[in-house]
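K.L.:
Each chain, written out:
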Amino acid sequence: MSDEKHVTAAQKPYAKLLRQYGGILVSLVVLCIIFSVMNPRFMTVANFMNVLQQIAVIAIAAFGMTWVILLGEIDLSIGSIIAVAGMAAAQAFLAGFGFMPTLVLTLLAGAAMGLANGVLTAKLGLPSFIVTVATMGIFRGLVSLPTNGAPAMIENPTWIAIGAESFVGLPIIIWIVVVLFVFNHVLLSKTTFGRRAYLTGGNREAAVYSGIKVDRVKITIFMISGIMAAISGILLSSRLYSAQTNAGTSYELDAIAAAVLGGTSLAGGVGTMIGTLIGALIIGIMNNGMNMLSVPYFYQLIVKGLVILLAVWLDVRSKRAKR
Amino acid sequence: MSDEKHVTAAQKPYAKLLRQYGGILVSLVVLCIIFSVMNPRFMTVANFMNVLQQIAVIAIAAFGMTWVILLGEIDLSIGSIIAVAGMAAAQAFLAGFGFMPTLVLTLLAGAAMGLANGVLTAKLGLPSFIVTVATMGIFRGLVSLPTNGAPAMIENPTWIAIGAESFVGLPIIIWIVVVLFVFNHVLLSKTTFGRRAYLTGGNREAAVYSGIKVDRVKITIFMISGIMAAISGILLSSRLYSAQTNAGTSYELDAIAAAVLGGTSLAGGVGTMIGTLIGALIIGIMNNGMNMLSVPYFYQLIVKGLVILLAVWLDVRSKRAKR
Amino acid sequence: DGIGASLLTQQHPFYIELADAMKAEATAKSVPLEVAIANQDLNKQLADVEDFIVKGVDVIVLSPVDSKGVKAVIEKAQKAGIKVITVDVPASGVEVTSYIGTDNYAGGVKAGELMAKELGDKGKVAIIDYPTVQSVVNRIDGFKKAIGEHKDIEIVAQQTGITRAEALAAAQNMLQANPDIQGIFGFGDDAALAAAVAVKSAGLENQVKVIGFDGMEEARNAVDTNPVMVGVIQQFPGEMGKRAVDTAIDVIAGKDVPAEQPIEPGVYTGK
Amino acid sequence: MSAATSDVILKINNVSKLFGPVAALKNMHLEVRAGRVHTLLGENGAGKSTLMKILAGVYHATTGEVEFCGAPYKPENPQQAAARGLTIVFQELSLCNNMTVAENILATREPSVYGFINDQALERRAAEIVRDLGLPIDVSEKVGHLSMAQRQLVEIAKGLSIPDPRLVILDEPTSSLTDAETEILFSIIGRLKAKGVAVIYISHRMEEIMRLSDDITVVRDGEYIATRQRENVTIDELIAMMVGRKMDEIYPPRLGAAPADSEAPILSVEGLSRDGEFEGVSFEVRKGEILGFFGLIGSGRSEVMNALFGMKAASGSIRIDGEPATIASPVDAIGRRIAFVTENRKEEGLVLAHSVEWNISMAALGRFAAALGFMRNRAERRAAREEVSRLTIKTASVDTPVGSLSGGNQQKAVLAKWLLTQPRILILDEPTRGVDVGAKFEIYKIIRQLAAEGTAILLVSSELPEVLGMSDRLVVMHEGRLSATLSGGATPEAVMAHATGITS
Ligand SMILES: Nc1ncnc2c1ncn2[C@@H]1O[C@H](COP(=O)(O)OP(=O)(O)OP(=O)(O)O)[C@@H](O)[C@H]1O
Ligand SMILES: Nc1ncnc2c1ncn2[C@@H]1O[C@H](COP(=O)(O)OP(=O)(O)OP(=O)(O)O)[C@@H](O)[C@H]1O
Ligand SMILES: [Mg+2]
Ligand SMILES: [Mg+2]
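Chains as they are written, first to last, in my numbering: chain A, 1 to 323; chain B, 1 to 323; chain C, 1 to 271; chain D, 1 to 504.
Calculated directly from the structure, the hints in this document are not laboratory data. Idealized CB from N, CA, C, for every residue including glycine. Among the clues, some could well be false.
Heads up, simulated EDC-like pairs for lysine to aspartate or glutamate below, C-alpha to C-alpha not over 20 Å straight-line [what the hints assert, rightly or not]: (1) C:K79 x A:E155; (2) C:K79 x A:E165; (3) A:K319 x D:D275; (4) C:K76 x A:E205; (5) C:K23 x C:D246; (6) D:K193 x D:E223; (7) C:K200 x B:E155.
Across the chosen pairs, the derived CB separations fall in these ranges [stated by the list, open to error]: (8) B:R216 x D:A264: 28 to 38 Å; (9) B:K319 x D:G366: 50 to 60 Å; (10) B:R216 x D:G115: 45 to 55 Å; (11) D:E386 x A:V26: 51 to 61 Å; (12) A:V182 x B:V179: 35 to 45 Å.
Quick look at which bits of chain A chain C covers, simulated, 3 or more residues with Cβ under 8 Å [claimed, not checked]: (13) 72–82; (14) 94–101; (15) 143–149; (16) 210–217; (17) 235–242.
Generate the whole structure from the sequences, applying the supplied hints.
P.N.:
Below is the structure:
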């Protein structure tokens, strides 16, 4: 019987996808239909590229966040890490570094901040919520020190090109999202490391008993989250030609919302990168579509909240019905 | 043996307090000593009143948050509820309501928003994190509708007096904090309702099997949180003579930090109001002391983060040593 | 087609008045106008402008989140062939069709001179600032420059107070640490009004004088009625918004417009 | 004898373990030989699991040395233990509910190339392991969907799946199992023995121990008492060593006469059904009657009890005292004075982080409520202390977190919690799971006492002797249906026949 089941699942990967993501896919499609009907410019290739570029920063941060949430932890510091990454790059260029050294330095800075979060959480046993609330403030303070709060311009043409140029017809920024999506998806769903993350998030004690080095998994995942946030920061600073000290403020909430919309459970142990990507798309399309319809700002806030509630509710309901 | 232990504990309530709150009490005392040494004006009655008034808004919101966290849930919408409460009051006064009707209306508004959070969480089974991220946006949108984002003045003299006048030598605002602390403390630690909250937060399934109406507990607690936030909003609007549409932004993080510093576990089932009060004091004293020492803003962010980390670490360590 | 406006925030009376004036003028001249709010996030401002480009507006009016970083936003619009007008905050490092705004540095200088006059050329003053906003930094610089010319006036404290609640706490704590402060300069109306509350609750009404910046209605009323509020540097967002829309209409019509249209701030010291 | 000492594979010397002030182990000794089954026997809280966790690298001994395969042995973590060829099936289930059986069984040992998991191979491997062990489990099912017994089987499969074990530890592997699965386990142990693997076995089921063991070591209060070879010892002697006194009987006799058949039932159930889980279940129970429920794993007994208690909806009619009763939630059930000792104490029974006192009072909070909902703390404490001493729960104080008690003592805490509600109908789902013989006897006495006082008792158990020894009448379930209702005097063979469905 188990064999039979397996074959059917393998034969219809779309059916499986639909079963797992039906709830939010419906939300996504309905949103697109509504916006298309109301503004014909919405459903254009140009606008789709637009949306993808706009969600890039949140989507990539949300990939990192998915790992962390999967573990039953949270990382509220990513908004600040995004800002630090941009500022680190700006300062490195000011100090005369070239493109590659700056890139490496920025990624290392992200990894180091993630390492700090991970060590404080795993080794000292502090709750990640409070650790990352604290580091959120610390990193936000750090980013402001070199310029005393003022933004710093970035002039390096290669850096700027990341956010501005295209490659084989697609903006580079979209390529980066695609590559990072595939990377995270494969790492999570196909490798032993991903499996360890699921086990640790699902039942920490069981994971310890099974011989998983839970601390190491945790630290690694906070580093992944830091690196993803740093990449977000690179894209953001490249799109803005500058490092803003208030960059990324409260992006952690959008990233969490994207992951949770996509079915990642805050209790840990459940979640996928595909879901997170769909979640990020919903958020991005909502922002873009409401702009296209000239919905006033405060109504946007309200509608966005309602759509998130509706999407999560549909998702929860569709999953419950299946049981 | 068990008897012996108990008698000793009963004989020395201070010893028990010290055992439970030793870690953060140390942090509190050390902070006070440092600030006193560096600025002699810190350790004055006037300044202490100052600090108490400044933390009132956060402390009261944190009492509500403690209930929610105790349940293993979270309420990120309280910052927005604070703003809505102030705006509701301002609009009620504009519409010609008197003091008492306005007060009741404002508290009802808080309760209603809490009810919405509670029903969405308990009855529809949505994760409270995402529910309250959504309602945070919705409420923030709502607050801006009457004035299109502008602040609204409050002229009612009784309302203003809450934040400005004293009663029997103590500012009214401090009386309110004291009364609400006692109320929440007693409700949590001395009543069956409080016990049900602890049990539900400790193990929801076991609570269901034991005949606890967990949904009702949950909804009630979100309403408590909403009402506490509304009271915070009343105090804030009274101190500022006006309702600001961006009032309370990100206060939820300070409230959570206060509760967690005070030993409330984000996993649910563990926490006390005394701890939360101490946590709020630490945060308030830190802000006040650093202002008094003219520490620049960005350094304040960094120091605040470091102190939170240190305090939580001391606390975790002192608890672990006891095992 | 029409005008797309991307404004820094919608939670400040200055910007509300600016937006209202723009809308009124646009209605009067019957040109379509759409307003997006960047909520102080440059990335959101960029996204808003990108969406304007897709929608195909003729001209964009920007109040930049930040003068340097807005370059990316402006270049994006200009590449798409859309002309850009900035209001309130200038853009640096990139040419725009026109800039309409208050000279914040000059306003700061005026505030400093008013303070010196009120204090009789000597005493201690404190500042409430907002260091991440360029226009505020300019005001503070102007204020300090003016104060620097009066040897007997000393700046004893400077703290950040972005929202009204934060400014209140900062003012209270500065007064606590320096009870002999005689003047407080708030970077905006919110900061000044909060400082006035702090002065009152510390019982120092007869000692401390507060000066603000922006000069919106609430602050002007306070200057009229509250002796602690001795003055406020007044900006004219209504004028700014009207002129921005008029300029945009001229740009659409292909007329030449001046590259800079400074609006001199006023000093309001009561009726 | 000297030849035998040469194949000593594990040698424990002077091992002590302190948890704060609590000494779980004091100067333990143990010698385990290859190819033999060595049973550890001791009361609840004697320190057996603690010793095993030290061997598995989960805990670290406070003092003492261990020698394994002739070399000093001090594992830092479970990987190191596994690397040395030691594997363990934990008493408290250590599975991840949201993952499949296959993923759990092969956790950390997934077939992979450069870190990439081959999912087909994973499932195939796991299916092979399960088939080789002869266990009836679907490896693609999520563990969270399984019953307690099935989870225990998964735990066993996980523990036994390492390639070449030298020492296998089984900590109460059969506490949720029926005889059928127990037989499978025994044949697995037989095969391990034949391969020269040493086995440490922990159980409270005496018949099992006498059948399986080669050597038996008794521990008491964390101390080594004695080691005997199975041939040279009797059950009675072992029990005497273990509890420090003699025990003459296992099942106490009923107090007073059984209720007459003519008496009206207190609870009668008619055609209770839920799709795919059970169908047409009908039975009745009278005041003072003990009605046993027997069946194989997954026969649906626990689900029926859940339905009776209002946890999950089911169709059919329930009458209490002859009146139709709607029980839509545990609140309704408790309101009708029904109590339910669930089979999964960790998830459904206890709040592990809270004190013994809070756990005992949690289902009867109303009893401790004064005006305005204030708690009567002193009454609560008194009641908790009474229950602790009545059920001899071994705990430092009523303030101790219940999660730090030994498994059997946790079970007693669950029982205490429900006894405090003074039920008229008491549902017991595997009430003696993991409880030692001495304490079992105490629990049986309490059940008898309650019955004598007029409580109707539904006793679900997978231990056939227990149901036979205690029940006035016996209901047998097979695949979600009632297959027979037998009188107290039924033979084990007859019951098993109905349970496996081979009668027609
Ligand atoms: N993590 C812990 N913290 C504190 N005390 C503990 C802990 N684990 C076990 N103990 C204590 O150590 C003693 C031995 O417990 P252990 O679980 O080893 O008993 P056991 O012999 O396995 O009992 P059972 O037959 O009930 O499983 C008990 O008194 C228990 O309360
Ligand atoms: N063969 C099976 N495969 C998977 N799940 C099963 C199987 N049989 C039963 N189940 C599930 O197990 C549960 C039914 O077992 P239940 O716990 O009621 O049985 P029980 O008679 O109490 O046996 P146990 O001793 O296993 O507790 C249900 O959740 C049912 O869906
Ligand atoms: Mg044990
Ligand atoms: Mg069962």
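K.L.:
Now tell me, hint by hint, if it's right for this structure.
P.N.:
Status of the hints after comparison with the structure:
For the proposed pair K79 of chain C and E155 of chain A, the alpha carbon gap of about 18 Å is at most 20 Å, so the pair holds. A threshold of 20 Å between alpha carbons decides the hint, and for K79 of chain C with E165 of chain A the separation of about 13 Å falls inside it, so the pair holds. Taking the CA atoms of K319 of chain A and D275 of chain D, the gap is near 19 Å; set against the 20 Å cutoff, the hint holds. With a C-alpha separation of about 53 Å, the suggested pairing of K76 of chain C with E205 of chain A is violated against the 20 Å cut-off.
This hinted pair checks out: K23 of chain C and D246 of chain C have alpha carbons roughly 11 Å apart, not beyond 20 Å. Our distance criterion of 20 Å between C-alpha atoms is broken by K193 of chain D and E223 of chain D, whose separation comes to about 27 Å. Distance hint between K200 of chain C and E155 of chain B is fulfilled; the C-alpha atoms sit about 16 Å from each other, no more than 20 Å. The beta-carbon spacing between R216 of chain B and A264 of chain D, approximately 36 Å, falls within the hinted interval of 28 to 38 Å.
In this structure the hint that K319 of chain B and G366 of chain D lie 50 to 60 Å apart at CB is violated, the actual value being about 33 Å. Restraint check, R216 of chain B to G115 of chain D: a C-beta distance of roughly 49 Å satisfies the suggested window 45 to 55 Å. For E386 of chain D and V26 of chain A, the hinted distance range of 51 to 61 Å is satisfied, since their beta carbons lie about 57 Å from each other. For the pair V182 of chain A and V179 of chain B, the beta carbons lie near 58 Å from each other, so the given range of 35 to 45 Å is not met.
A count of 0 residues in the stretch 72–82 of chain A with a Cβ less than 8 Å from any Cβ of chain C is obtained; the coverage claim is therefore unmet, three being the minimum. Counting residues of the stretch 94–101 of chain A whose C-beta sits closer than 8 Å to any C-beta of chain C gives 0, which falls short of three, so the coverage hint is violated. Beta-carbon proximity to chain C at under 8 Å applies to 3 residues in the stretch 143–149 of chain A; the threshold of 3 is reached and the given coverage holds. By the rule of at least three residues with a Cβ nearer than 8 Å to a Cβ of chain C, the coverage given for the stretch 210–217 of chain A is violated, with 0 such residues.
Check result for the stretch 235–242 of chain A against chain C: holds, 5 residues qualifying (beta carbon to beta carbon below 8 Å, three or more required).
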